[in-house]
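Construct the entire structure; sequences and hints are all you get.
Each chain is listed here by its residues.
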Amino acid sequence: MAKLDLVMFEEEYGQLQEIIGRLQMDSASKVVFLVDKNGQQIAASGDVRSIDATSLASLTAGNVAATDGLAKLIGEKEFSLLFHEGEKDNLHISIVGKRGILVVIFDQSSSLALVRLRVKKASRELAEIFEKVEQRAQATFNESSNFESPFSEITDDDIDKLFGD
Amino acid sequence: MTFINYASREINCKIVYYGPGLCGKTTNIQWIHEQANPEKRGKLVSLATETDRTLFFDFLPLDMGMVKGFKVRFHLYTVPGQVFYDASRKLILRGCDGVIFVADSQRPRLEANIESIANLATNLKDNGYDIRSIPYVLQLNKRDMPTAASLSEMEELLRFRNEPVIEAVASKGIGVIETLKACARQILMELQRS
Chain A
199 MAKLDLVMFE
209 EEYGQLQEII
219 GRLQMDSASK
229 VVFLVDKNGQ
239 QIAASGDVRS
249 IDATSLASLT
259 AGNVAATDGL
269 AKLIGEKEFS
279 LLFHEGEKDN
289 LHISIVGKRG
299 ILVVIFDQSS
309 SLALVRLRVK
319 KASRELAEIF
329 EKVEQRAQAT
339 FNESSNFESP
349 FSEITDDDID
359 KLFGD
Chain B
3 MTFINYASRE
13 INCKIVYYGP
23 GLCGKTTNIQ
33 WIHEQANPEK
43 RGKLVSLATE
53 TDRTLFFDFL
63 PLDMGMVKGF
73 KVRFHLYTVP
83 GQVFYDASRK
93 LILRGCDGVI
103 FVADSQRPRL
113 EANIESIANL
123 ATNLKDNGYD
133 IRSIPYVLQL
143 NKRDMPTAAS
153 LSEMEELLRF
163 RNEPVIEAVA
173 SKGIGVIETL
183 KACARQILME
193 LQRS
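Protein sequences appear in the order of chains A and B.
Each residue of the first sequence is one higher than the last, beginning at 199 in the numbering used here.
Each residue of the second sequence is one higher than the last, beginning at 3 in the numbering used here.
Certain hints may be false.
[To be verified] As a list, the in silico DSSO-like pairs of lysine-lysine whose alpha-carbon atoms are at most 27 Å apart:
no.	chain 1	residue 1	chain 2	residue 2
1	A	Lys359	B	Lys183
2	A	Lys275	B	Lys70
3	B	Lys70	A	Lys359
[Stated by the list, open to error] Heads up, incomplete: computed chain A residues facing chain B, CB under 10 Å, no partners named:
no.	residue
4	Glu209
5	Glu210
6	Leu280
[To be verified] Derived Cβ-Cβ restraints for the label pairs, each shown as a range:
no.	chain 1	residue 1	chain 2	residue 2	range
7	A	Gly267	B	Arg195	27 to 35 Å
8	A	Ala337	B	Lys174	44 to 52 Å
9	A	Pro348	B	Glu113	41 to 49 Å
10	B	Pro110	A	His282	41 to 49 Å
11	A	Glu285	B	Asp132	45 to 53 Å
12	A	Leu289	B	Arg109	45 to 53 Å
13	B	Ser10	A	Thr338	18 to 26 Å
No wet-lab data here; the hints were simulated from the structure.
Glycine included, each C-beta is placed from N, C-alpha and C at the ideal position.
Below is the structure:
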């Protein structure tokens with residue numbers, strides 16, 4: 199495979215959850231999502247039931263990828279921040295580390311300035327964790343390894359079962 | 003790039019449907035969406051033009067069930083087939099785990115299929131993948147059309163690596179699930195190896 203799989207363990211997952219939970223409180227926002235650049239949701243905090251999180255993750259990644267393409271067209275490395283202003287709700291989208299996207303949905307009970315301020319701090323912390331995840335993946339890959347993957351024994355039967363055969 | 007979450011015990015895989023304009027990529031995932039158990043499928047998101055041509059992508063999340071205690075979820079994407087949307091196609095391949103190439107069997111479209119596979123090879127390479135090793139399935143769609151080329155002729159033109167070949171009529175659902183399954187099998191076997 200071209201790139202290492204993103205493997206998230208409970209320890210890091212708990213840390214990510216804690217950071218975005220805090221960000222959601224501190225920024226007085228409605229929902230905070232952390233998604234990966236390929237469109238998969240990693241973690242969420244706030245009133246997530248009100249939103250189709252899977253579609254949000256996929257569309258956000260598409261949006262960021264398209265904006266990335268635009269940036270390169272005009273000679274920029276990336277646009278690290280996207281902001282969409284609605285009548286009631288606003289979307290603040292920012293890049294975290296190499297592969298994360300932070301999405302903050304907020305209304306008039308917060309403000310763009312407050313969200314930006316809080317996002318900045320949280321982004322640094324999140325980037326550190328992503329870095330750790332990446333390093334561990336690399337180390338596991340290099341040692342190939344003491345870590346016993348639960349998928350080493352997937353059989354044809356397992357796959358048939360997925361398709362209800 | 004598969005996303006394995008040990009905390010929520012989930013595996014997420016991204017599968018991209020590729021192929022020339024009007025070959026039936028969207029029809030494939032629309033059919034899957036219609037047939038799938040509503041509890042297991044997510045919303046079908048289509049970013050299309052007013053004339054229903056795919057503008058950016060279609061997206062369908064599918065919960066497949068459990069493997070080794072992990073919930074397996076497939077994210078199905080289609081690319082826009084029209085030649086001038088190449089920049090978008092490249093973006094959608096980012097982070098994919100497998101590709102399904104949907105070929106149009108109609109004789110006048112044979113050339114378009116060949117061009118599209120060449121384009122796929124380039125775009126995969128730009129994303130750091132090799133078309134000769136990524137999980138890959140060739141679907142020959144529109145087998146019911148009067149101008150459809152023969153199976154052997156199409157294989158000779160389009161098959162290049164001993165990949166599974168599935169004959170399909172996506173509008174009637176023929177071959178659609180078999181195609182997805184052939185791709186899923188390769189992805190999960192890849193997971194086993196890595």
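Can you let me know if the beta-carbon spacing of Gly267(A) and Arg195(B) is within 27 to 35 Å?
Since the Cβ atoms of Gly267(A) and Arg195(B) sit about 32 Å apart, the hinted range of 27 to 35 Å holds.
Could you say whether the range 44 to 52 Å given as a hint is met by the Cβ separation of Ala337(A) and Lys174(B)?
50 Å, holds
If you check the beta carbons of Pro348(A) and Glu113(B), does the distance land in 41 to 49 Å?
Given a distance of about 46 Å, which is inside 41 to 49 Å, the answer is holds.
Starting from the range 18 to 26 Å, see whether the pair Ser10(B) and Thr338(A) falls in it by beta-carbon distance.
20 Å, holds
Does the structure keep Lys359(A) and Lys183(B) at a Cα separation of 27 Å or less?
Roughly 11 Å between the alpha carbons, so the hint for Lys359(A) and Lys183(B) holds.
Is it true that the C-beta distance of Glu285(A) to Asp132(B) lies inside 45 to 53 Å, as the hint says?
Given range 45 to 53 Å: holds, Cβ gap about 47 Å.
Are the Cα positions of Lys70(B) and Lys359(A) separated by 27 Å at most?
Judged against 27 Å, a Cα distance of about 12 Å means the pair holds.
Does the CB of Leu280(A) sit less than 10 Å away from some CB of chain B?
15 Å, violated
Does Glu209(A) pass the interface hint, meaning its C-beta sits closer than 10 Å to a C-beta of chain B?
Holds - the Cβ of Glu209(A) comes within 10 Å of chain B, reaching about 9 Å at its closest.
Holds or violated: the hint that Glu210(A) contacts chain B, with Cβ atoms closer than 10 Å.
8 Å, holds
Lys275(A) and Lys70(B) were given as a pair; does the straight-line alpha-carbon distance stay at or below 27 Å?
Since the Cα atoms of Lys275(A) and Lys70(B) sit roughly 41 Å apart, the hinted pair is violated (cutoff 27 Å).
Falls inside 41 to 49 Å, the C-beta gap from Pro110(B) to His282(A)?
Cβ of Pro110(B) to Cβ of His282(A): about 43 Å, so the range 41 to 49 Å holds.
The structure fails hints 2 and 6 (numbered hints given earlier, in ascending order).
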